[in-house]
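Asker: Letter by letter, the chains look like this.
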Amino acid sequence: MNIIVYTTCPNEEVARTISHKVVTERLAACVHRHQAGTSVYEWEGRVEEDSEILLMIKTKEKLYEPLEAAILEAHPYDVPEIIAVSIDNGLAAYLRWIDHLD
Amino acid sequence: MNIIVYTTCPNEEVARTISHKVVTERLAACVHRHQAGTSVYEWEGRVEEDSEILLMIKTKEKLYEPLEAAILEAHPYDVPEIIAVSIDNGLAAYLRWIDHLD
Amino acid sequence: MNIIVYTTCPNEEVARTISHKVVTERLAACVHRHQAGTSVYEWEGRVEEDSEILLMIKTKEKLYEPLEAAILEAHPYDVPEIIAVSIDNGLAAYLRWIDHLD
Chain A
1 MNIIVYTTCP NEEVARTISH KVVTERLAAC VHRHQAGTSV YEWEGRVEED SEILLMIKTK
61 EKLYEPLEAA ILEAHPYDVP EIIAVSIDNG LAAYLRWIDH LD
Chain B
1001 MNIIVYTTCP NEEVARTISH KVVTERLAAC VHRHQAGTSV YEWEGRVEED SEILLMIKTK
1061 EKLYEPLEAA ILEAHPYDVP EIIAVSIDNG LAAYLRWIDH LD
Chain C
2001 MNIIVYTTCP NEEVARTISH KVVTERLAAC VHRHQAGTSV YEWEGRVEED SEILLMIKTK
2061 EKLYEPLEAA ILEAHPYDVP EIIAVSIDNG LAAYLRWIDH LD
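First to last, the protein sequences are chains A, B and C.
Counting along the first sequence from 1, when you hit position 70 you're at 70 in my numbering, and nothing is skipped either side.
Heads up, my numbering is the position in the second sequence plus 1000, with the first residue counted as 1.
Heads up, my numbering is the position in the third sequence plus 2000, with the first residue counted as 1.
Hints are supplied without guarantee of correctness; some may be wrong.
Stated by the list, open to error - Each computed DMTMM-like pair below joins lysine to aspartate or glutamate, with the alpha-carbon atoms no more than 25 Å apart:
#1 LYS62/A - GLU25/A
#2 LYS60/A - ASP2088/C
#3 LYS2021/C - GLU2048/C
#4 LYS62/A - ASP99/A
#5 LYS1060/B - GLU65/A
#6 LYS2060/C - GLU1065/B
#7 LYS1021/B - GLU42/A
#8 LYS60/A - GLU1065/B
#9 LYS1060/B - GLU1048/B
#10 LYS2060/C - GLU1061/B
I should point out that these hints are in silico values taken from the structure, not numbers from a laboratory.
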């Protein structure tokens, strides 16, 4: 089973560092860095807005734990958004390419 | 179970209003507003293009119905895109933070 | 069952061609073209970065095979990213609109 893992980063530098780290450490086949968007959330009773960059990470389900650990290592937040969605279908050759991760 | 809910908005004002409304009303833990993209769809036999802003809303499955109602209240379309995808895994502390929504 | 299908395109021209093709051929109800982001991946031992445009295609599960074939026809890569995620819930009228695809 393959998955998409999303995380958000406070700036381009962190986004770049994390995307290169998880690909170099063969914890992800590919990472798409979106352009900076705006995250809205409640913090201590106030609605806050921050500029954040969303990463869309494609990997294998069995690599989720080490991928999470690698993101936490390089992320400045204590509790960053790290969520995973199942890939239910896809181009067979592309899914095999994701699977080439040892 | 937590979910990602996607909706698209015609402009920044609607996107901002909806993202603040669903966070303020504690129907979502966090909303990521993407930069404006382009939506392509068929309408009365013609392929149309509109600028739209995608919202990526993170919440609890049991809040889907009131979240949908709140989006419809603030959205100018009669039938906006509102679709939900299951979050199958994630950072435990982040998932607990989503769950803190009453 | 409805699905979101993601594919990434090397430039605006390919992104536009594919989004119009799949809507015109009634293989998708709607396609959202994101602004160009950056894809990071490993190729022959090096970490590469390319500008890519993500398409978020909304369609019916039973149209996945012909949609995949149509994307491959118009895509310059041999093995593009084509991955599908299930839509688990949504605005009933919007889901019916997706279903209006024959």
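Asker: All the hints need checking, so say for each whether the structure fits it.
Answerer: Structure-based check of each hint:
Restraint check: the Cα-Cα separation between LYS62/A and GLU25/A comes to about 15 Å, which is no more than 25 Å; the hinted pair holds. In summary, the hint linking LYS60/A to ASP2088/C is supported, as the alpha carbons are separated by about 21 Å, within the 25 Å threshold. With a CA separation close to 29 Å, the supplied pair LYS2021/C and GLU2048/C exceeds the 25 Å bound. For the given pair, LYS62/A sits about 10 Å from ASP99/A by alpha-carbon distance, which is consistent with the 25 Å threshold.
For the proposed pair LYS1060/B and GLU65/A, the alpha carbon gap of about 22 Å is at most 25 Å, so the pair holds. With a CA separation close to 22 Å, the supplied pair LYS2060/C and GLU1065/B stays within the 25 Å bound. Using a Cα cut-off of 25 Å, the hinted pair LYS1021/B and GLU42/A holds, with the two alpha carbons roughly 11 Å apart. As the CA atoms of LYS60/A and GLU1065/B are separated by approximately 32 Å, the hinted pair breaks the 25 Å bound.
Taken as a hint, the LYS1060/B and GLU1048/B pair is broken in the structure, with Cα atoms around 34 Å apart against an allowance of 25 Å. For the proposed pair LYS2060/C and GLU1061/B, the alpha carbon gap of about 22 Å is at most 25 Å, so the pair holds.
Violated hints, listed in ascending order, are 3, 8 and 9; each of the other numbered hints is respected by the structure.
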